[in-house]
Amino acid sequence: MPIPTMLDYEFMRTAFAAGAIVALVAAAVGYFLVLRQLVFAGHALSHVGFAGATGAALIGVAPLWGLLAFTLAAAMAMGLLGERLNGRDVAVGIVLALALGLGVLFLSLTKRHATQATILLFGNVFAVDVHTVWVLLGLGGIGLGALAVVSRPLLFATLAPELAQAKGVSLRGVSVAFLAIVAVAVALTAQVVGVLLVFALMVAPAAAALKLTTRIGAGVALAAGLAVCETWAGIALAYATDWPATVWIVLLSTAFYLLSANVQGAVARRRAHRT
Amino acid sequence: MQEAIELDHVVLARGGRTVLSDLSATIHPGEFIGIFGPNGAGKSTLLHGLLGLLPPAAGSISVFGAAPARVNRSVGYLPQKRGPVADLHVRGRDFVACALHGERWGVPRLGKAGRMEVDRAIDLVEATPLAGRALSSLSGGELQRLLLAQALLGRPRLLLLDEPLISLDPRHVRSVVALVKRLQKEMALTVLFTAHELNPLLEAMDRVLYLGRGQGALGTVDEVMTSAVLSRLYGTSIDVLRVDGRVVVLSGQGVVDADAHSHDA
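From first to last, the protein sequence lines stand for chains A and B.
Residue 7 is where the first sequence starts when you use the working numbering, and the numbers rise one by one after that.
Residue 2 is where the second sequence starts when you use the working numbering, and the numbers rise one by one after that.
So here's chain A without its partners, still in its complex pose (with noise of 0.2 Å):
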């Protein structure tokens, strides 16, 4: 009899579907999300996501549903208050504080609250069964073609937004697109490294990509390699290890965001001792 591989179980094939999934439209959002210099607004809806999350756990629908209705909602919220949010840092802060606290009211209201909290909060992309890949493609599949839909124009806002408003581009309709873009992504996200840790897949393989290279379509494309290969050697990196997937997939991010940023460095080191 042979030895099983890794990919002879079941929870092993869905679980690299998924963070293939996830990891793709993680990270081609977060390439625009770097660009536009929106971290922060999607660290915030990620916290939102984990009180819409637990509270749809609460009145027994899957928390995917709830996480997706709760950062919607917050995404078109900063759409549309846009540049009155710049310089609220106190008030957004207080938000997501609030709904922080709200998801742990909620939490504490269902029965199992230990182990949903932490895979709501760390993900578990081991839990992540048949019928939720296929919603995962679903929902990655509205996300990635909004976000190819929309790019030109987003592009053209984010790199020169003056130009852009006097061509006819509505910069606040660009802004609630592109967040709700955001919104989904960072709800498929936390399926796989949970609501604390989307800037693993968001943010991290993207600022990567922006250090490499300078050509925005292949930073793109980098960016969604880079999201997946990480994904993927975390996950066989967990089966081997029996550490969570998300540690791994946290640690490669890390790493290889700090290599790149040295590549990058010694580059411009090189260029500046030639010319």
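Calculated from the structure, these hints are not laboratory results.
Treat the numbers as computed from the prediction; the structure is a model and nothing was measured.
Take the hints with a grain of salt, since some may be wrong.
Straight-line distance between alpha carbons at most 20 Å, and here's what the computed SDA-like set of lysine to any residue pairs gives [to be verified]:
no.	chain 1	residue 1	chain 2	residue 2
1	A	217	B	182
2	B	182	B	171
3	B	82	A	217
4	B	182	B	143
5	A	217	B	133
6	A	217	B	171
7	B	113	B	135
8	B	113	A	43
9	B	82	A	223
Given the structure of chain A, go ahead and fit chain B onto it with the hints provided.
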């Protein structure tokens, strides 16, 4: 011959405040017009009116015989505020390219014609060596060239340049002015160029539009830069001196047009 710009008793208001109260002017095709005036005199506001971003509260604006429209291929624009680009690790070429039909939906693929148009605009402003470099590594003057390349996409006949000299050192000021002058001549462009200081543009411009107190005066440097005209526009006694071919504007308090770092409404 069709005029490039015709302003007929134009009133422009912003945020409940009347910025330009009665401006009439005619600008001919191919003219290089320098636009000056104190802070808040309405230099940027006038350009927004010409772009169709701000409809006139009264009077009429005509650009090449038509009312201003937002998506107008014949107008190229260089805005005063530059956004966050100076910190980004994105190459110059992608920055210029994002403005080519950036208002359309879909994935920003350029196609062959689009790539040639981007190359042409970058070549026109002599920025080919900058196209492969990250925006974060460029100087203010180099960035200004790329912004000018964005304004030239789609072969406009009219260029609206809002404070392109702001925060540039004197060497870059000269090179940007020389570049715009060369483009204006080679491509028969009409250029409206706002600035805080008159002297860097003395040689380049054909006429001056000086704004103040909601009014404006359009004419040659000799016609506009006089004590009588500027005293009317500032609402206070102004002296105009000529020193070594340069123009110095003095109010009771001191030199007037030397604050190149202030921002306008």
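Here is how each hint holds up against the structure:
For a cut-off of 20 Å, the pair hint linking residue 217 of chain A to residue 182 of chain B is broken: about 37 Å separates their Cα positions. Using a Cα cut-off of 20 Å, the hinted pair residue 182 of chain B and residue 171 of chain B holds, with the two alpha carbons roughly 17 Å apart. Taking the CA atoms of residue 82 of chain B and residue 217 of chain A, the gap is about 25 Å. The hint is violated against a cut of 20 Å. The suggested pairing of residue 182 of chain B with residue 143 of chain B holds, with an alpha-carbon distance near 17 Å, which does not exceed 20 Å.
Between the alpha carbons of residue 217 of chain A and residue 133 of chain B the distance comes to roughly 15 Å, so the proposed pair stays at or under 20 Å and holds. A C-alpha spacing of about 33 Å is found between residue 217 of chain A and residue 171 of chain B, which places the hinted pair above 20 Å, so the restraint is violated. Distance check on the hinted pair: residue 113 of chain B and residue 135 of chain B sit about 23 Å apart at the alpha-carbon level, beyond 20 Å; violated. Restraint check: the Cα-Cα separation between residue 113 of chain B and residue 43 of chain A comes to about 31 Å, which exceeds 20 Å; the hinted pair is violated.
The suggested pairing of residue 82 of chain B with residue 223 of chain A is violated, with an alpha-carbon distance near 26 Å, which exceeds 20 Å.
Violated hints for the displayed structure, listed by number in ascending order: 1, 3, 6, 7, 8, 9.
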